[in-house]
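Undergrad: Go ahead and model the full structure; you've got the sequences and the hints to work with.
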Amino acid sequence: MKKSFTVSIDAEKLTALEMYLGQKNMKLPEELEKFSEQLYQKYVPSNVREFIELTATKKPPRKAKKDIFAESENQSEQ
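Taking this note's numbering, the leading residue of the sequence shown gets 1, the next gets one more, and so forth.
In case anyone wonders, no lab produced these hints; they're calculated from the structure.
Since the model is a prediction, treat every value here as computed from it, not as a measurement.
One should not assume that every hint holds.
[Stated by the list, open to error] Computed cross-link-like contacts, EDC-like style, restricted to lysine to aspartate or glutamate with a CA-CA straight-line distance of at most 16 Å:
#, residue 1, residue 2
1, Lys2, Glu53
2, Lys2, Glu33
3, Lys3, Glu33
4, Lys34, Glu12
5, Lys2, Glu37
6, Lys58, Glu30
[Said to hold, decoys possible] What follows is a list of derived Cβ distance ranges for each label pair:
#, residue 1, residue 2, range
7, Arg49, Thr6, 37 to 45 Å
8, Leu14, Arg49, 24 to 32 Å
9, Glu30, Ile52, 18 to 26 Å
Note that CB positions come from ideal geometry on N, CA and C, so glycine has one too.
TA: What follows is the structure in structure tokens.
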């Protein structure tokens with residue numbers, strides 16, 4: 001699951017940043033994602049990253065509540 005967070009920046013700085021990134025065919029959200037991954041790699045110990053990767057791949061997909069409700073209705077009709 002991805003989460004988002006808010007970063008405050010002066011409007012003029014944001015405008016300039018987006019303008020100069022655009023000149024290099026780059027987008028701010030993509031660059032921020034890359035940077036957050038670099039921070040994660042730098043500061044989170046490798047054994048913790050490995051554990052997170054293992055647990056993320058072993059979790060079964062969660063069903064939405066409405067899907068679970070629909071399944072229970074289908075089973076009760078049979």
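Undergrad: Hints the structure violates: just list their numbers, smallest first.
TA: Violated: hints 4, 6, 7.
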